[in-house]
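Novice: Produce the complete structure using the sequences and hints provided.
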Amino acid sequence: MTDISHEKSLVDSAPIARRSRARRWLSHLEGPQTFGSGIAFWTIFVLVVAAACAYPFFADGWTVGNAAYFLVWTFMAMGLSVIWGYAGALSFGQTAFFGLAGYAYGVLTINVGETYGFTFIALVIAVALAGVFAAVLGYFMFYGRIRGVFIGIVTLSVTLVFETFMAQTAGPQWAIGSARLNGFNGMTGMPPLTVPWFGGDIALWPDRPLYYVLLALTVIVYLGLRMLLNSRFGNVLVAIRENPERAEMLGYDIRLYQLLAFVVGGALAGLSGVLYTAWGQYITPNSMGLTAAALPVVWVAVGGRRDITATLIGTLLVLSLFQTLTIYGSQYALVAMGALLVLIVLLAPEGIVLGFANLVDRLTKRRGA
Amino acid sequence: MDFFSTAFAIIYQFGDAFAFLVLSAAGLAVIFGMMGVINLAHGEFIMCGAYVTVAVARMGVPLPLAIVAGSIAAGLVGLVIERLVIRHLYHRPLDSIVATWGISLIATQGVLIVLGSTMQGIGTPLGSVQVGALSYSTYRIVLMAAAVLILLVLWLLFYRTRYGVIARATIAAPQMARALGVDTRRVYALTFALGAALAGLAGGLYAPTMTLVPTMGATFIVESFVTVVVGGADIFLGAAPAAAILGVIRAGLTAWQGQFFGQIGLLVAVILVIRVLPNGLSGLILGNRR
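Same order as they appear, the protein sequences are chains A and B.
Taking the working numbering, the leading residue of the first sequence gets 1, the next gets one more, and so forth.
Taking the working numbering, the leading residue of the second sequence gets 1001, the next gets one more, and so forth.
Each statement offered as a hint is correct.
Residues from chain B shown here face chain A by an in silico Cβ test under 8 Å; the list is partial:
#1 L1089
#2 W1101
#3 I1103
#4 F1225
#5 V1229
Since the hints were derived computationally from the structure, they do not count as laboratory data.
All values reported here derive from a predicted model rather than from experimental measurement.
Just so you know, even glycine gets a beta-carbon here, dropped at the ideal spot from N, CA and C.
Specialist: Put into structure tokens, the structure is as follows:
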């Protein structure tokens, strides 16, 4: 048996290796670190995606643009789930990466323009910038071996200082190239994401096309994170969360793993920042303030931080709840968010979605047995 | 004379930064050092103290009494919040941060709804003194004295009273303290209330110098966190020397480059310190002594 496979691999090794590696990664789509497996789960998944694809045909442009706005935030939430839920390091400063990438996208596109698909190059550069900044900050934190709560405090301080910095950049001397930073009022006038096309570029205004691009990105990032978290990397992250000393004694460099998780989370927050800036063609220092920094923590805590699916569902639920509250109760929305956060932590520390899923799981198992 | 006035200007700048750091960090440091809980609603306790102080002072009560009233009000609020929320989260430090953040959101927005976006303040009392060519606010010199006085009182409280002995015993060995008949829950509750009262005191002391807005807690929060992170768990060996060092950095950079670079300097200092001294200054001092 082994001989045959060995011979085979000698004859035509590269494609087989590639195919099996691809298959191994696909097999990571389900595993111990993510909720949901088997035919039933994936059927529901396909149905939900299909429903999401069909949705714009039954809604007007504004509502679709609004749904796209919700999708913008899911990346930052999923990134925080990786850092907090899986790696066990609570970062309060995801908005720092969000703002950095958002401003970077603005500066790049205002200076270069939107032709030849440059907006997408700017997206990549801005996200990479957020990733590099996360790597530098993470190096000092994780290689300095600072403990749990301090990570939250340092990241929070970073985002608050960013906010202070951007808020005082009013005046013409604060400009990068032709991009004015505009202090507290924020930066405007950058182009939306623009697809180069024969016979004229297609600008993705907050409407159906942008919705589909964001939906595709959400699905790709979601499935990609599922594969990453069920791979060896994800297993080690969870091992570190459960018991850092044990993971270290088993020979894993926990600093490196946590740093990598932090970079993934930072880059995803950056992606949200770019998409937000491109969605509304503006970004303000407020997006890095104390309230803004609290919101991702609310979404992830409410959904269930220890599972990427729960985080995704929870984020969309809380965002739509928050918007409804803002429309009907306007100023009470933030009070309700705060109360929700306190109650979740006290009563359902696993999060609503994950707690509900576990409940269903237990009930169906009991019936089966 | 010229040398003297320059020296006074430098000392004044440093003392101002030091007082701000000590006063804003004291409450946070007590709660963190004693209980390991990071209180993200710290800024809102400061805000509470400031609002009550101003409200009481405008009823005609002398300012020192009003400040005490603000401090007591914040302490009582702290007692209630400890009973309702914090008590259930002692074994989950990350969750207690998240919960206190929720409280902070409720408090900030709640005050905004109830009392409006700003409250009429009271002017800075005591006028100013003239040293050399420049004049300095007397009240800020009082604040510096208050910072030193508070450190002294805290030291007396923790090292010279029965509560202090019991509190330190509870921190060092909770099980042993409980075995000896100490009601550790009550100690935690009192400690949290003390931290909240210290925050309220800081708010009350700074209330005459600031604009009263519901988000005023945020102006203190970076500085107080930075001081506690650099200082580590012990308030006397950590937070106080950290405030002194950071005070030098901030006063120097502010005088040289302006307010914003003072803040950036603090942040860079923190990131460097955690890389070199993960347990803060108190870890370094205690580690060398051992």
